[in-house]
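There are 2 protein chains.
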Amino acid sequence: MAVGLTDLPVLHPIAGIHLGTATSGMGYVGRDDLAVISCDPGTVATAVFTRNRFVAAPVEVARDHLGQASPQALLINAGNANAGTGAEGVQAATACCEALAGLLGCDSQEVLPFSTGVIGEPLAVDRLTQALPECVKNLNVSGWQAAAMAMMTTDTLAKGCSRQFDVDGIKISVTGIVKGAGMIQPNMATMLAFIATDAPVSPTLLDALLQEGVAQSFNRITVDGDMSTNDACVLLATGQAGIEPISEVGGAAYEDLKNAIEGVLRDLAQAVVRDAEGATKFITVSVEGAEDESESVVIAYTIANSPLVKTACFASDPNWGRILAAVGRAPVAELDIHAVAIYLDDVRVVSQGCLDPDYREQDGQAVMDKPEFEIRVVVGTGPAAVKVWTCDLSHDYIKINAEYRS
Amino acid sequence: MAVGLTDLPVLHPIAGIHLGTATSGMGYVGRDDLAVISCDPGTVATAVFTRNRFVAAPVEVARDHLGQASPQALLINAGNANAGTGAEGVQAATACCEALAGLLGCDSQEVLPFSTGVIGEPLAVDRLTQALPECVKNLNVSGWQAAAMAMMTTDTLAKGCSRQFDVDGIKISVTGIVKGAGMIQPNMATMLAFIATDAPVSPTLLDALLQEGVAQSFNRITVDGDMSTNDACVLLATGQAGIEPISEVGGAAYEDLKNAIEGVLRDLAQAVVRDAEGATKFITVSVEGAEDESESVVIAYTIANSPLVKTACFASDPNWGRILAAVGRAPVAELDIHAVAIYLDDVRVVSQGCLDPDYREQDGQAVMDKPEFEIRVVVGTGPAAVKVWTCDLSHDYIKINAEYRS
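Line by line, the protein sequences are chains A and B.
Here the first sequence is numbered in my numbering, starting from 1 and rising by one per residue.
Here the second sequence is numbered in my numbering, starting from 1 and rising by one per residue.
One should not assume that every hint holds.
Per the computed footprint, the stretches of chain B lying under chain A, defined by three or more beta-carbons under 8 angstroms from a beta-carbon of chain A, are [to be verified]:
#: 1; region: 47-54
#: 2; region: 79-89
#: 3; region: 115-126
#: 4; region: 302-312
#: 5; region: 319-329
Note that these hints are calculated values from the structure, not bench results.
All C-beta atoms, glycine included, are put in the ideal place defined by N, C-alpha and C.
Here chain A stands alone, though its shape is the one from the complex (with noise of 0.2 angstroms):
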């Protein structure tokens, strides 16, 4: 029951990029659990991690790897996170790599593994490995709606998104797929994003666009403030497209590759959170007008990461109290709360820290029985403005996550 989500959008192939997928057999029946991406020689490639200080043995192999070599191929399964598997699950993942080269030729440094499922339990190096063959001989360049079902887990749907521009009358493609749908905060949630761009872009330019898109987009959005062990999003640029190459910020052609980027990293994480485990709300928390934008950030998650909030959001209950009691117990240093004026959308709710007198409650009821509106919390005159976004916790959260192993 994803909230505005609906099939796929087109995801345009991105030259140089063939995805293929196959049923391990190991998590799922009746659907493949098993993706590879390729990257033709020259691809650029870059990578953020979850920060979690438990990081998964896929993620501790894939930041060595992306170390040693430009990476020819990602290795995705769905169903096992082979997280908390200590030495045994890292040499795992190492055999996973090692397979797959075999299969494609190359050195296991230059597979990148990931993966996502359930913690602590071995994974089945020999149903995965059966399985690359078939995975391999499926790639084409049109696989990312294959690849994007492919690595599901409690996710209801395949998600991503494509943009596109010109360049001198050439057409440039951003195509990203992402998985969510639980253990979802920031610094990376359970959540893998694969993006690829056939634009040609230096590496050191590559990084500073994925980590700048990164920080307002897969890190501005909250399911459970629970932080995953398995995280990562890779940005690709196969350099396939025939314009010049693109090496340092500024220009037509690195802004609009920036907005492009920009654009489906925030549209992918926003479809995380649309299609987050039990959601029936999506829900864009504002904080502005402090000083310090890691204050608004702090203010933001306080609301958005409030059970009693989402609870309301759930109830489609305009419970403004719990949101003020939300950011009165922010842990920031300055608060003035006679400043504090909240809205639902556009309805003026608390002016001046109170109810404020013009507020209708049915003007409220009928923001909250949206299935997507804006929590706005002004905090003062300053300049820092900050978005994140979560949804609701319902019932099926609750369901979903007493029933499923993460």
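Once you've looked at the hints, dock chain B against the given chain A.
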């Protein structure tokens, strides 16, 4: 469905404390929702209040009054928190104090107001004051149970406890009552607690006893991580027991009193968690072996507030990966993941940061099947040891908070 709580135990009267209740017709049908606790002259009082920046009007007034005079009465209403109500809320709380002061023949500064319930609705002063004469008429030393019942909101049962000890053959009593049950995490939770003793105690010492006791009891619990606007905990000492005044640290009488007060505070705090909204499990989260107590508290609360850990507890699922992931994302400066061990009661599940080779799933399952158990995390060999109490996250939490306006 409180975990491990049944009917109230015997609540020993405290000489010099009288309690009376009545129905204001404001909040609840068919039960009392108003309580007055009067204290004889000579009673020493101390209190701690919420640290939420948006404090409710009664908290503002009670803090102000307590700074001006020794209280002769406490006035408690359930169903309306008188929070987010601005200057009118303060006037309303003050008017209620004046009305009670008029009936008791004291100054209005000698009355402390306390409210719990819905945020943001105006307090019906007329209804409240009309019921006050009935409260005053009912004042009696055995009114503890009635008062505990009158202040309930989403609590499923009245909560209180009582301890006694002897000093030179004279029986000293400490009795307390408390209400929860959501918007609960420290710095005082939606939580009102009133404790009294007949021991003669100096104001400075009484204040120290409350501060130290609350730090290890009410400031070590969580239901949902939400900090209320109305929390208050009041400790009264009537001094009517015929023993030498206790005015300094040390000595048998001091130690006995300290133990009794700490025991009552801990029992009351745990009772709030046991009767938390939707709770089916009572969970102790212990973090041991850190160098620093404050970092241990952060780790313990990261586990205790994790929605994924809490839903796993609800499902009796020994899903240690979620505990591990919570430890790994705790915002502390130092954590050596290779030193981390995790126990469910005495069952070691994780050692040296990985699944313990001797762990058997059925052993973890047997612990998680119990209504009360301990999640114990050992992070090193340092001296700090902290306990935090929490509950599971169940369907009923959602149901209660989607339907109730707190």
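Here is how each hint holds up against the structure:
Beta-carbon proximity to chain A at under 8 angstroms applies to 4 residues in the region 47-54 of chain B; the threshold of 3 is reached and the given coverage holds. For the region 79-89 of chain B, the stated coverage by chain A holds: 6 residues have a C-beta nearer than 8 angstroms to a C-beta of that chain, and at least 3 were required. Restraint check on the region 115-126 of chain B versus chain A: 3 residues with Cβ-Cβ distances below 8 angstroms, three needed, restraint holds. Residues of the region 302-312 of chain B with a Cβ under 8 angstroms from some Cβ of chain A number 6, which satisfies the need for three, so the listed coverage holds.
Given as covered by chain A, the region 319-329 of chain B passes the check, having 10 residues with a CB less than 8 angstroms from a CB of that chain where 3 are the minimum.
The structure shown violates none of the earlier numbered hints.
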